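Asker: All chains, full assembly: derive it from the sequences and hints.
Each chain is listed here by its residues.
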Amino acid sequence: GAVVSQHPSWVICKSGTSVKIECRSLDFQATTMFWYRQFPKQSLMLMATSNEGSKATYEQGVEKDKFLINHASLTLSTLTVTSAHPEDSSFYICSALLRSSYEQYFGPGTRLTVT
Amino acid sequence: GDSVTQMEGPVTLSEEAFLTINCTYTATGYPSLFWYVQYPGEGLQLLLKATKADDKGSNKGFEATYRKETTSFHLEKGSVQVSDSAVYFCALSAPNTGGFKTIFGAGTRLFVKA
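If you're matching them up, the sequences are chains A and B in order.
The first sequence begins at 489 in my numbering and counts up by one.
The second sequence begins at 631 in my numbering and counts up by one.
It is possible that some hints are incorrect.
[Said to hold, decoys possible] Calculated lysine-lysine pairs in the DSSO-like style (CA-CA distance at most 27 Å, straight line): (1) Lys529(A) - Lys682(B); (2) Lys743(B) - Lys731(B); (3) Lys707(B) - Lys529(A); (4) Lys698(B) - Lys743(B); (5) Lys554(A) - Lys731(B); (6) Lys552(A) - Lys502(A).
[Claimed, not checked] If you want a taste of the chain B side facing chain A, the calculated C-beta under 8 Å gives, among others: (7) Ser662; (8) Glu672; (9) Gly673; (10) Leu678; (11) Phe734; (12) Ala736; (13) Thr738; (14) Leu740.
Derived by calculation from the structure, the hints in this document are not laboratory data.
Because the structure is a prediction, the values reported are computed rather than measured.
C-beta atoms are modelled at their ideal positions from N, C-alpha and C, and glycine is treated no differently.
Answerer: Below, the structure is given as structure tokens:
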């Protein structure tokens, strides 16, 4: 089956620094990837849709200058949290879309803690 | 707009009990419907799906039927196990203007006691 990986699986950083999270589709090409944020015991909140070779589409209320998304290849999308603050601490999950079936394959998630 | 509503949890059951988690949706078109499962500290895994009315998705003893007339996609399992303890998300996916979108329900946490 289709596999999506995320790296790192967890990261701790200091307030004011930037953190990059990678999302890779390992055995299929994904022209579209999604980035979600999940707060404890809550559902997934879509942050942005990442399309290969073009700018990401951000959901309302998501700061595009703070959450930089780059989808430079058909197998890799990155999310950079810039100037992180403690309120950015969360579980970030990516998914890659298999267009033939409209199925999304999810990465295992990255837990970010900002101190 | 499109939305997904699922029953609030947590749901606590004894092992071998019957499970039903209700899910209803609203959509303007003809979405595909999914159930995802999330184990503690992990990402989401696709549990089952149905792409058109009257389709039944099934996997690992779980089943759900796409009911267009009642706009529902209830998840059922005849005999739950402790290992089924997780959070279950109902979701719909459909093409959207300019792209594609998935909408998730709030999630239902299931605890199964031995």
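Asker: Give a verdict on every hint.
Answerer: A quick look at each hint next to the structure:
no.: 1; hint: Lys529(A) - Lys682(B); result: 30 Å, violated
no.: 2; hint: Lys743(B) - Lys731(B); result: 36 Å, violated
no.: 3; hint: Lys707(B) - Lys529(A); result: 23 Å, holds
no.: 4; hint: Lys698(B) - Lys743(B); result: 34 Å, violated
no.: 5; hint: Lys554(A) - Lys731(B); result: 22 Å, holds
no.: 6; hint: Lys552(A) - Lys502(A); result: 21 Å, holds
no.: 7; hint: Ser662; result: 5 Å, holds
no.: 8; hint: Glu672; result: 6 Å, holds
no.: 9; hint: Gly673; result: 4 Å, holds
no.: 10; hint: Leu678; result: 11 Å, violated
no.: 11; hint: Phe734; result: 5 Å, holds
no.: 12; hint: Ala736; result: 5 Å, holds
no.: 13; hint: Thr738; result: 10 Å, violated
no.: 14; hint: Leu740; result: 13 Å, violated
The structure does not agree with the numbered hints 1, 2, 4, 10, 13, 14 stated previously, though it agrees with the rest.
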